[in-house]
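S.K.: Protein chains in written order, with the working numbering: chain H, 1456 to 1732; chain A, 2 to 296.
The set of hints was computed from the structure by calculation and includes no laboratory data. Treat the numbers as computed from the prediction; the structure is a model and nothing was measured. Backbone N, C-alpha and C define an ideal beta-carbon position, used for all residues, glycine too. You may find that some hints are simply not true.
Said to hold, decoys possible - Distance ranges between label pairs, derived from CB positions:
1) Val225(A) x Asp1555(H): 13 to 23 Å
2) Val1602(H) x Lys111(A): 15 to 25 Å
3) Gly82(A) x Lys1668(H): 55 to 65 Å
4) Asp1555(H) x Pro124(A): 10 to 20 Å
5) Glu205(A) x Gln1466(H): 11 to 21 Å
6) Phe1669(H) x Glu205(A): 37 to 47 Å
7) His119(A) x Ser1516(H): 37 to 47 Å
8) Ala1567(H) x Leu106(A): 53 to 63 Å
9) Arg1601(H) x Arg196(A): 56 to 66 Å
10) Gly1722(H) x Val225(A): 36 to 46 Å
11) Glu128(A) x Pro1671(H): 18 to 28 Å
Unchecked claim - Only pairs whose alpha carbons sit at most 20 Å apart, straight line, appear in this in silico EDC-like list of lysine to aspartate or glutamate:
12) Lys1530(H) x Asp18(A)
13) Lys1622(H) x Asp152(A)
14) Lys1622(H) x Glu202(A)
15) Lys1668(H) x Glu202(A)
16) Lys109(A) x Asp1684(H)
17) Lys109(A) x Glu1677(H)
18) Lys1698(H) x Asp8(A)
19) Lys9(A) x Glu1694(H)
20) Lys1622(H) x Glu187(A)
21) Lys1582(H) x Glu213(A)
22) Lys117(A) x Asp1553(H)
23) Lys9(A) x Asp1684(H)
24) Lys1622(H) x Glu262(A)
25) Lys9(A) x Glu1523(H)
26) Lys1663(H) x Asp152(A)
27) Lys1662(H) x Asp8(A)
28) Lys1622(H) x Asp8(A)
29) Lys9(A) x Asp1592(H)
30) Lys218(A) x Glu187(A)
31) Lys9(A) x Asp1659(H)
32) Lys1665(H) x Asp8(A)
Listed below are the residues making up each chain.
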Amino acid sequence: MARNGNGSIPQRRTIQMTHGNTTSSVTSVLTDTTYEDPILVLPDTNVIKIGGQSIMDRGRSAVFPLIEEIVENAKDHQILIGAGGGTRARHAYSLALDLDLPTGVLASIGCATSRQNARILQMLLAKHGGVYLNPEDFEKLPLYFRVGCIPVMVGMPPYEYWEKPTKGSRIPQNRTDSGVYLTAEFLGARTCIFVKDEDGLYTDDPKKNKHAKFIPKITVQELLDRDLDDLVVEHIVLENMLKARNVRSIQVINGLVKGNLTRAMNGEHVGTIISVD
Amino acid sequence: MRESLLDKQVMASTDSDTEVCILPDVNILVLGGQSILDRGKKAMTPVLDAIVKSRKKHKLVIGVGAGARVRHTYHICLDLGIPLGGMAMVAGAVDEQNTRLVASLLAKHKGIALNKDHFLDLPLWLEAGMIPITTGMPPYHYWEPPNNNADRMPTHGEDLGMFMMGEVLGGRSVIYIKDEDGLYTEDPKKNPKARLIPAIEANELLEMNLPELILEKSVVQTMVNSRHMKQVQIVNGLKPEMISRALNGEPVGTVIYCGEENHPSKGMWPWTDGRKKSAKSKNGKVGKKSVRRAR
């Protein structure tokens, strides 16, 4: 071995860097060096998630007014839409679970429902500039905004078979909320709004428990500490928020109430605001 | 059907101990970028020879690491203020270069580059006796989740990507080919007194909080939650005979295992499924029967 001074060990090719060279450990070279803060990629973007079960699966009565509101807002704002999965995703999961398939397979099939919803939304928005944005074409986002389009993309992050397993459940922990949140975080987006069918976060599922209380504003840490049985966004979104640089606050709003989206886009507090600080 | 997937009870009902092994015969070999590839021909030729020989007996998928160029990429990106997801996105190109290098060298021995879009074709290629070679990085791309503010580097690299491939396929083993005999208490290149750790439990390893790991920490963290891949082995590719020995079930480097029931002395290395564990022989080492022959 090299440490015995044996000259027969083939040498590594390295690259000289400002601080040490590339054989030094990543952690010591890259983290001991102070770099400037990262840039914001598209800071004017408003990332909006349209719930699958909560909005899409309700059909015309829920979707059409929302589309109208999105089109109206897109005149003044850059809007990127992420589509949720919903009932069909759950059906596919339950089938896959019954077949004893692993989390990675669930994540890869869950994507398809979200893709269907993204394509449906694109068709509804087409005459107003709705375009379907493939994750592979993510870099075309500036072009679409420049020409006034409304890009629609799948909510699921592209982890698929590489979705990590979790203890106690085989449902992928990164689903459409997570993907949409990470999109906003990467872009350094202006807002990240989750459009659902409840006013926001409750102490329990208001569809099952009438006594559930509404929570208008809460910090991520408080929410994690409460350890609620039911949450309005995927748990991992909260964990990621704690470590995030850009999107430190999200709003969950009721998309069944006309005007909510517009008000939220204008910075008003109409649902539940979950923030780090 | 309005039950929420955010409900704890619903989530808990989805656990399983009998998850399917999709390709239980597959062995994942991970070629270290800096440790093996960056050393060029002298290191690579014997490693690739060993791989080609092993393919006669075992089904293999090769994952490639990145090495010096990815470190340089990160350095430049950090200096330019490229955010985390952007770094994860551009880093993959280095893996692609290395995949092409290895695929070119192995082509005449049925080596073939496996694009992640062709993941579902794996059974065909393996049955045809091919050696698929794939980029190690998982496709997290712009969606790489943030780690804490101090550390701006992606945490899901080649080691994790290939571990996940082994895990989701319910494969037979994941073997990391590096340039040291295994995991040491410290970096042996800097401290000659560093001790080799032949076997260690994953939770224990995480608690030790070693300043440097030869393997991405995210692998050890993920192994704790894994359902199939409860062991991985790190072997020294500069001693290429170690590769076939590890594939034949010998612990020849460092075995990181999860749960005492998976200690290499109690079972075989590698086993991937509790149901196969009974295949060990009296001396605690692998019986020949337990090494399934690949076609």
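S.K.: Look at each hint and say if it fits the structure.
M.R.: Hints, verified against the model:
1. Checked against the hint of 13 to 23 Å, the C-beta distance between Val225(A) and Asp1555(H) comes to roughly 21 Å, which is consistent with it.
2. A hinted range of 15 to 25 Å is violated for the C-beta pair Val1602(H) and Lys111(A), which are about 48 Å apart.
3. A hinted range of 55 to 65 Å is violated for the C-beta pair Gly82(A) and Lys1668(H), which are about 43 Å apart.
4. Taking the beta carbon of each, Asp1555(H) and Pro124(A) are about 18 Å apart, inside 10 to 20 Å as hinted.
5. Separated by about 34 Å at the C-beta atoms, Glu205(A) and Gln1466(H) break the suggested range of 11 to 21 Å.
6. Range check, Phe1669(H) to Glu205(A): about 45 Å between beta-carbon atoms, so the 37 to 47 Å window is met.
7. Between His119(A) and Ser1516(H) the beta carbons are some 42 Å apart, a value that agrees with the proposed interval 37 to 47 Å.
8. Separated by about 37 Å at the C-beta atoms, Ala1567(H) and Leu106(A) break the suggested range of 53 to 63 Å.
9. A hinted range of 56 to 66 Å holds for the C-beta pair Arg1601(H) and Arg196(A), which are about 59 Å apart.
10. Checked against the given bound of 36 to 46 Å, the beta carbons of Gly1722(H) and Val225(A), roughly 42 Å apart, stay inside it.
11. The supplied range of 18 to 28 Å is broken by Glu128(A) and Pro1671(H), whose beta-carbon atoms lie about 59 Å from each other.
12. Between Lys1530(H) and Asp18(A), the direct Cα distance comes to roughly 52 Å. Violation of the 20 Å bound is thereby established for this hinted pair.
13. About 26 Å separates the Cα atoms of Lys1622(H) and Asp152(A), which puts this hinted pair outside 20 Å; it is violated.
14. In summary, the hint linking Lys1622(H) to Glu202(A) is supported, as the alpha carbons are separated by about 17 Å, within the 20 Å threshold.
15. Distance hint between Lys1668(H) and Glu202(A) is unfulfilled; the C-alpha atoms sit about 45 Å from each other, more than 20 Å.
16. The straight-line distance between the Cα atoms of Lys109(A) and Asp1684(H) is roughly 57 Å, outside the 20 Å bound, and the hint therefore fails.
17. The straight-line distance between the Cα atoms of Lys109(A) and Glu1677(H) is roughly 59 Å, outside the 20 Å bound, and the hint therefore fails.
18. As the CA atoms of Lys1698(H) and Asp8(A) are separated by approximately 24 Å, the hinted pair breaks the 20 Å bound.
19. Under the criterion of a C-alpha separation no larger than 20 Å, the hint pairing Lys9(A) with Glu1694(H) is consistent with the structure, at around 16 Å.
20. With a CA separation close to 30 Å, the supplied pair Lys1622(H) and Glu187(A) exceeds the 20 Å bound.
21. Taken as a hint, the Lys1582(H) and Glu213(A) pair is broken in the structure, with Cα atoms around 55 Å apart against an allowance of 20 Å.
22. At most 20 Å may separate the alpha-carbon atoms for a hinted pair to count; Lys117(A) and Asp1553(H) exceed this at roughly 26 Å.
23. Among the hinted pairs, Lys9(A) with Asp1684(H) is consistent with the structure: their alpha-carbon atoms are about 5 Å apart, no more than 20 Å.
24. Our distance criterion of 20 Å between C-alpha atoms is met by Lys1622(H) and Glu262(A), whose separation comes to about 18 Å.
25. For a cut-off of 20 Å, the pair hint linking Lys9(A) to Glu1523(H) is broken: about 35 Å separates their Cα positions.
26. Proximity of Lys1663(H) to Asp152(A) is assessed by CA-CA distance (about 42 Å); at most 20 Å being required, the pair is judged violated.
27. Taking the CA atoms of Lys1662(H) and Asp8(A), the gap is about 12 Å. The hint holds against a cut of 20 Å.
28. A hinted pair counts as satisfied when its Cα atoms are at most 20 Å apart, and Lys1622(H) with Asp8(A) qualifies at roughly 15 Å.
29. Between Lys9(A) and Asp1592(H), the direct Cα distance comes to roughly 36 Å. Violation of the 20 Å bound is thereby established for this hinted pair.
30. Pair hint Lys218(A) plus Glu187(A) holds up; C-alpha atoms about 15 Å apart against a cutoff of 20 Å.
31. At most 20 Å may separate the alpha-carbon atoms for a hinted pair to count; Lys9(A) and Asp1659(H) meet this at roughly 12 Å.
32. For the given pair, Lys1665(H) sits about 17 Å from Asp8(A) by alpha-carbon distance, which is consistent with the 20 Å threshold.
Hint violations for this structure: numbers 2, 3, 5, 8, 11, 12, 13, 15, 16, 17, 18, 20, 21, 22, 25, 26 and 29, all remaining hints satisfied.
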